[in-house]
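Asks: Each chain is listed here by its residues.
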Amino acid sequence: MRLRITPRDTSFFDLLAELASHLVVGSQLLGEILGASKADRKAIGKKISEAENAADDVTHTIMRQLNSTFVTPLDRDDIAGLASALDDCMDHMEEAADLIVLYKLEEIPRKVSDQVSVLQRCSELTAEAMPHLRQMNDLSEYWVEINRLENQADKAHRKLLAQMFDEVQDPIQLMKIKEVVETLETAADAFEKVANMVETIALKES
Amino acid sequence: MRLRITPRDTSFFDLLAELASHLVVGSQLLGEILGASKADRKAIGKKISEAENAADDVTHTIMRQLNSTFVTPLDRDDIAGLASALDDCMDHMEEAADLIVLYKLEEIPRKVSDQVSVLQRCSELTAEAMPHLRQMNDLSEYWVEINRLENQADKAHRKLLAQMFDEVQDPIQLMKIKEVVETLETAADAFEKVANMVETIALKES
Amino acid sequence: MRLRITPRDTSFFDLLAELASHLVVGSQLLGEILGASKADRKAIGKKISEAENAADDVTHTIMRQLNSTFVTPLDRDDIAGLASALDDCMDHMEEAADLIVLYKLEEIPRKVSDQVSVLQRCSELTAEAMPHLRQMNDLSEYWVEINRLENQADKAHRKLLAQMFDEVQDPIQLMKIKEVVETLETAADAFEKVANMVETIALKES
Numbered sequence: 001m002r003l004r005i006t007p008r009d010t011s012f013f014d015l016l017a018e019l020a021s022h023l024v025v026g027s028q029l030l031g032e033i034l035g036a037s038k039a040d041r042k043a044i045g046k047k048i049s050e051a052e053n054a055a056d057d058v059t060h061t062i063m064r065q066l067n068s069t070f071v072t073p074l075d076r077d078d079i080a081g082l083a084s085a086l087d088d089c090m091d092h093m094e095e096a097a098d099l100i101v102l103y104k105l106e107e108i109p110r111k112v113s114d115q116v117s118v119l120q121r122c123s124e125l126t127a128e129a130m131p132h133l134r135q136m137n138d139l140s141e142y143w144v145e146i147n148r149l150e151n152q153a154d155k156a157h158r159k160l161l162a163q164m165f166d167e168v169q170d171p172i173q174l175m176k177i178k179e180v181v182e183t184l185e186t187a188a189d190a191f192e193k194v195a196n197m198v199e200t201i202a203l204k205e206s
Numbered sequence: 001m002r003l004r005i006t007p008r009d010t011s012f013f014d015l016l017a018e019l020a021s022h023l024v025v026g027s028q029l030l031g032e033i034l035g036a037s038k039a040d041r042k043a044i045g046k047k048i049s050e051a052e053n054a055a056d057d058v059t060h061t062i063m064r065q066l067n068s069t070f071v072t073p074l075d076r077d078d079i080a081g082l083a084s085a086l087d088d089c090m091d092h093m094e095e096a097a098d099l100i101v102l103y104k105l106e107e108i109p110r111k112v113s114d115q116v117s118v119l120q121r122c123s124e125l126t127a128e129a130m131p132h133l134r135q136m137n138d139l140s141e142y143w144v145e146i147n148r149l150e151n152q153a154d155k156a157h158r159k160l161l162a163q164m165f166d167e168v169q170d171p172i173q174l175m176k177i178k179e180v181v182e183t184l185e186t187a188a189d190a191f192e193k194v195a196n197m198v199e200t201i202a203l204k205e206s
Numbered sequence: 001m002r003l004r005i006t007p008r009d010t011s012f013f014d015l016l017a018e019l020a021s022h023l024v025v026g027s028q029l030l031g032e033i034l035g036a037s038k039a040d041r042k043a044i045g046k047k048i049s050e051a052e053n054a055a056d057d058v059t060h061t062i063m064r065q066l067n068s069t070f071v072t073p074l075d076r077d078d079i080a081g082l083a084s085a086l087d088d089c090m091d092h093m094e095e096a097a098d099l100i101v102l103y104k105l106e107e108i109p110r111k112v113s114d115q116v117s118v119l120q121r122c123s124e125l126t127a128e129a130m131p132h133l134r135q136m137n138d139l140s141e142y143w144v145e146i147n148r149l150e151n152q153a154d155k156a157h158r159k160l161l162a163q164m165f166d167e168v169q170d171p172i173q174l175m176k177i178k179e180v181v182e183t184l185e186t187a188a189d190a191f192e193k194v195a196n197m198v199e200t201i202a203l204k205e206s
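Chains as they are written, first to last, in my numbering: chain S, 1 to 206; chain Y, 1 to 206; chain C, 1 to 206.
Simulated from the structure, these hints should not be mistaken for lab results. Errors might be hidden in some of the hints.
All copies of an identical chain are treated as equivalent in the list; a pair is satisfied when it fits inside any one copy or across any two copies.
Taking lysine-lysine and the DSS-like style, the derived pairs with C-alpha atoms no more than 25 Å apart in a straight line are [stated by the list, open to error]: (1) LYS159 <-> LYS204; (2) LYS111 <-> LYS178; (3) LYS204 <-> LYS104; (4) LYS204 <-> LYS42; (5) LYS42 <-> LYS155; (6) LYS204 <-> LYS178; (7) LYS47 <-> LYS111; (8) LYS46 <-> LYS204; (9) LYS204 <-> LYS155; (10) LYS46 <-> LYS159.
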């Protein structure tokens, strides 16, 4: 029998990367729900909830492991903060999906899918960035690009709202769509928060 | 005459517990305002404002005392952060009460009282948890339970909104109720932030 | 040729003061846009965007300089946090201006200009406070006054909303104005966050 003296494979970096991978799945499903018929939305919404539960589980594993690990590769509260910020991204995407199901929206403005494309790109960039935390290298492109995407999304979202105010006649319908659009924008903000957190950590560790 | 060499009774832990006790009062009054006639709401709203002022006073006492104390039992900014997060819970509950008074709501959907019950439970749990900060013991049950309550409240609040969209015909009435419901949800979020902060502090101090 | 051995003139304190000076410009332009005809709003909105870009540039300079400076006069993440919080004030003011342009609002309730006056006062107080960070003196009046202004603004904003709900008949018009009013309130909150951050820093450094 061999002693295991190397650390466990699932390090904090691996766990953060795993957490981010659930965001990629969630954002893909969010794209699917937009294109789906009202009848199919519920089933896709359920899959997003499963992705959210999976993300929750990883977050709790990270927190528990932080609690029982003596030496951590980054500051304890940076790891905890990052895990919780990644989890927030998932929560807002899941909320948007849930609202689409619950509000039984007839028509979703086509530009909403541009918002979801941004979230998909943010998820991918974030998942690619996590492994680089280990060496703190090549991260500046990531946060610059996320900030650029979020700025772009922010302008697009305001124009979309203004356009909806002109086009949608039924105020109640308008309120529903507005809330979906704003929840998607909050999800994009959440990705920006992760990127800013990574920037701050890199600053501190450099 | 005896010299007083022991520290003052009102330690930071006592002050945080006192602050949390105002949240218990506030959440009870919030329950009362829901059941009250429109004529009685104003008087109850005034009592909630008083509870909010009392919470403000304790928060300022904590900040002043932090400023004049050399050795603190927890990190200075953790105590400041916790006081300010507790104060936020109160502010959101007071805001919800104020909106109920100002908007002269005719009918408040019955499920809103479920939201307030959650806030009452959160207040009690938070007030019970504060004294345990001293020894950092038995706190994990508290934050797990608050997180569970908040998740539950979050799902319930979305379903409530969807139901209101189906039932309330007048869009302006709908906007008013929606804002009250969302402010109550923000208050529940604020309790979760306190719990997460306690978890982070416990993590760091352990 | 003389060697330059003194540090560069643009210290972090100067940069933070410069950042705050853009807030003063932004809040002045926000006042102008309220009084302007619909035709003139776009041009003023563009000037606010320019002020926002200028603020962004200073923020990035601060972040870059933090990255390349070995000894900083305050904690690295306090400077980063403060820069980012000041930048948030600008972003919310710019967002409010952008919404006023995009929503082509016919009439803006007169009390909205009270909200903007508060933002102008907050900007001035913040710009005056920044140079005092160097010696950490005379700052308590600043944060007490900002907190007082924000509390006042918060009450005023709720009353304004309640009044609008009574007066504005068209729900879509109401939704537009409500969003402008709430964005201005978020800007006031952002100034309070800066003040609270300054208070926490002063507490820590004292």
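Asks: Look at each hint and say if it fits the structure.
Replies: Hint-by-hint comparison with the structure:
Proximity of LYS159 to LYS204 under the C-alpha cut-off of 25 Å is found in neither arrangement, the shortest distances being 37 Å within a copy and 43 Å between copies. Taking identical chains as interchangeable, the C-alpha atoms of LYS111 and LYS178 lie at most 25 Å apart whether they share a chain (12 Å) or sit on different chains (23 Å). For the identical chains of this complex, LYS204 and LYS104 are neighbours neither inside a copy (47 Å) nor across copies (45 Å), given an alpha-carbon limit of 25 Å. Taking the shortest alpha-carbon separations for LYS204 and LYS42, neither the intra-copy value of 44 Å nor the inter-copy value of 41 Å comes in at or below 25 Å.
Taking the shortest alpha-carbon separations for LYS42 and LYS155, only the inter-copy value of 15 Å comes in at or below 25 Å, while the best intra-copy value is 30 Å. For the homomeric pair LYS204 and LYS178, neither the shortest alpha-carbon distance inside one copy (39 Å) nor that between copies (40 Å) is at most 25 Å. For the homomeric pair LYS47 and LYS111, the shortest alpha-carbon distance inside one copy (23 Å) is at most 25 Å, but the shortest distance between copies (28 Å) is not. Taking identical chains as interchangeable, the C-alpha atoms of LYS46 and LYS204 are never at most 25 Å apart, the minima being 40 Å within one chain and 36 Å between chains.
In the homo-oligomer, the alpha carbons of LYS204 and LYS155 never lie at most 25 Å apart, since the shortest distance is 31 Å inside one protomer and 38 Å across protomers. Taking the shortest Cα distances, LYS46 and LYS159 sit within 25 Å of each other only across copies (15 Å), while inside one copy they are farther apart (31 Å).
This entry does not satisfy hints 1, 3, 4, 6, 8 and 9, going by the numbered hints stated previously.
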